[in-house]
Amino acid sequence: MIIPKEVKQKPFEYIILLICLVIGFIFYILIGDNQARRWIIYSVGIVYFAWSLYHHYQRGDLQLSIVVEYLLVILLGIVFISGTLF
Amino acid sequence: MLKKLWTHYFIPQEKNNHRATLLKPNFLLFFLILYLLNQSVIKTLVIIKPGILGYSSEITVQKVLDQTNNERKNLGLESLSYNSILSQSAQKKAEDMFENDYWAHNSPQGKTPWTFFDASGYKYSVAGENLAKDFYNTESLIKAWMNSPTHKANIVHQKYKEIGIAVVNGTIDGIKTTLVVEHFGTPLIGQIETSSTLTNDSQVSKSSGVKTGNILAGNSEKLISPLTVSKIFNSAIFIVLVIVLFVDGYITIKNNVHRLTGSTVGHIGFLIFIFLLMIYNQQGSIF
Numbered sequence: 001m002i003i004p005k006e007v008k009q010k011p012f013e014y015i016i017l018l019i020c021l022v023i024g025f026i027f028y029i030l031i032g033d034n035q036a037r038r039w040i041i042y043s044v045g046i047v048y049f050a051w052s053l054y055h056h057y058q059r060g061d062l063q064l065s066i067v068v069e070y071l072l073v074i075l076l077g078i079v080f081i082s083g084t085l086f
Numbered sequence: 001m002l003k004k005l006w007t008h009y010f011i012p013q014e015k016n017n018h019r020a021t022l023l024k025p026n027f028l029l030f031f032l033i034l035y036l037l038n039q040s041v042i043k044t045l046v047i048i049k050p051g052i053l054g055y056s057s058e059i060t061v062q063k064v065l066d067q068t069n070n071e072r073k074n075l076g077l078e079s080l081s082y083n084s085i086l087s088q089s090a091q092k093k094a095e096d097m098f099e100n101d102y103w104a105h106n107s108p109q110g111k112t113p114w115t116f117f118d119a120s121g122y123k124y125s126v127a128g129e130n131l132a133k134d135f136y137n138t139e140s141l142i143k144a145w146m147n148s149p150t151h152k153a154n155i156v157h158q159k160y161k162e163i164g165i166a167v168v169n170g171t172i173d174g175i176k177t178t179l180v181v182e183h184f185g186t187p188l189i190g191q192i193e194t195s196s197t198l199t200n201d202s203q204v205s206k207s208s209g210v211k212t213g214n215i216l217a218g219n220s221e222k223l224i225s226p227l228t229v230s231k232i233f234n235s236a237i238f239i240v241l242v243i244v245l246f247v248d249g250y251i252t253i254k255n256n257v258h259r260l261t262g263s264t265v266g267h268i269g270f271l272i273f274i275f276l277l278m279i280y281n282q283q284g285s286i287f
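First to last, the protein sequences are chains A and B. First residue of the first sequence? That's 1 in our numbering, and the numbers climb one at a time after it. First residue of the second sequence? That's 1 in our numbering, and the numbers climb one at a time after it.
These aren't lab readings, by the way, just hints derived from the structure by calculation. Mixed in with the good hints there might be a few duds.
SDA-like mimics (lysine to any residue), calculated; alpha carbons at most 25 Å apart, straight line [what the hints assert, rightly or not]: (1) B:Lys143 / A:Tyr54; (2) A:Lys5 / B:Ile11; (3) B:Lys24 / A:Ile46; (4) B:Lys24 / A:Glu6; (5) B:Lys4 / B:Leu260; (6) B:Lys254 / A:Arg59; (7) A:Lys5 / B:Gly269; (8) B:Lys92 / B:Gln67; (9) A:Lys8 / B:Lys254; (10) B:Lys24 / B:Gln158; (11) B:Lys24 / A:Tyr42; (12) A:Lys5 / B:Glu14; (13) B:Lys24 / A:Ser82; (14) B:Lys24 / A:Pro4; (15) B:Lys143 / A:Ile41; (16) A:Lys8 / B:Val257; (17) A:Lys8 / B:Ile251; (18) B:Lys24 / A:Gly60; (19) A:Lys5 / B:Phe246.
Chain A with its partners taken away, still in its complex shape (with noise of 0.2 Å):
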């Protein structure tokens, strides 16, 4: 299996991604309210984008192309289950 260097280095802030995404999802199996599934999707975003800050900041590549590529890619999930679910 094929570690990616990136992830090899880093692993804690892998595996903490992967432990917000996992319970984002839980959650959203849970509970039934569109409203709230709404803003679990919205918060996942956030800890995504707050996670990729700190991920980066750490790797010291903090640039500003990086932070509107992770805006886009968070901008265009967030719209994108947005247009079928709600």
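Based on these hints, arrange chain B on the given structure of chain A.
Frame of chain A, contents of chain B only:
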């Protein structure tokens, strides 16, 4: 030429600064705009040509009755008897939602579910209502209700003896849909119990523009659901993005390239999370 173009967009290499062009911020923005454009086209089409996009389900009254009773049997409860007056009540409720363009337990005019029970002449000691829309088949509908504690409480309520069901096609908010209404009740004989059970506190949704429903029970013509169109479109974009991310990640690891971009593993994780939610998402909504 075509191969060059393809590799430029999909494969990280020196020429594209070791990042597949499709994953660069300007292309991510392009995907976002493409998606919003697709949504706008669907919404416009629904308004201009209401008959083009819509929803047609395989749900029938008999299937809903059988599967509701199956759920009760599984828990050792008595089956509910089909009551035609309760079905009239459920039918009136569905028609009212189409006529007044709302989707809730209480109508914008202040009608409660009990208004329809009373109007149909069903005297109850205890009663309840389950609503659903946009489901394609009965299995997923019953599953969604059983996964919701409040709806399940109605289906497996020990005190209910009778049930009425309406499966009605019509137009809400310009979109053709199938509404399923279950009215539960116990006739008022002897001992009176004044409590009534609702699946959910109603949140009345107001919408402008009244559309007369095309009221039908059972199946109707095949239509394309806007929800399905949207899901297929989103899934296609998602699959492309995730595949490109995987290829990008694999080649970067293989070539041991250091570059100034976001984490490919992180992006894949986040997009897989979103994709799983899209797959998990129910076909329709319940109330």
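Evaluated hints:
| no. | hint | result |
| --- | --- | --- |
| 1 | B:Lys143 / A:Tyr54 | violated, 41 Å |
| 2 | A:Lys5 / B:Ile11 | holds, 19 Å |
| 3 | B:Lys24 / A:Ile46 | holds, 21 Å |
| 4 | B:Lys24 / A:Glu6 | holds, 19 Å |
| 5 | B:Lys4 / B:Leu260 | holds, 23 Å |
| 6 | B:Lys254 / A:Arg59 | holds, 21 Å |
| 7 | A:Lys5 / B:Gly269 | holds, 16 Å |
| 8 | B:Lys92 / B:Gln67 | holds, 23 Å |
| 9 | A:Lys8 / B:Lys254 | holds, 15 Å |
| 10 | B:Lys24 / B:Gln158 | violated, 58 Å |
| 11 | B:Lys24 / A:Tyr42 | holds, 23 Å |
| 12 | A:Lys5 / B:Glu14 | holds, 20 Å |
| 13 | B:Lys24 / A:Ser82 | holds, 23 Å |
| 14 | B:Lys24 / A:Pro4 | holds, 20 Å |
| 15 | B:Lys143 / A:Ile41 | holds, 23 Å |
| 16 | A:Lys8 / B:Val257 | holds, 15 Å |
| 17 | A:Lys8 / B:Ile251 | holds, 17 Å |
| 18 | B:Lys24 / A:Gly60 | holds, 20 Å |
| 19 | A:Lys5 / B:Phe246 | holds, 14 Å |
Comparing the model with each numbered hint stated earlier shows that hints 1, 10 do not hold.
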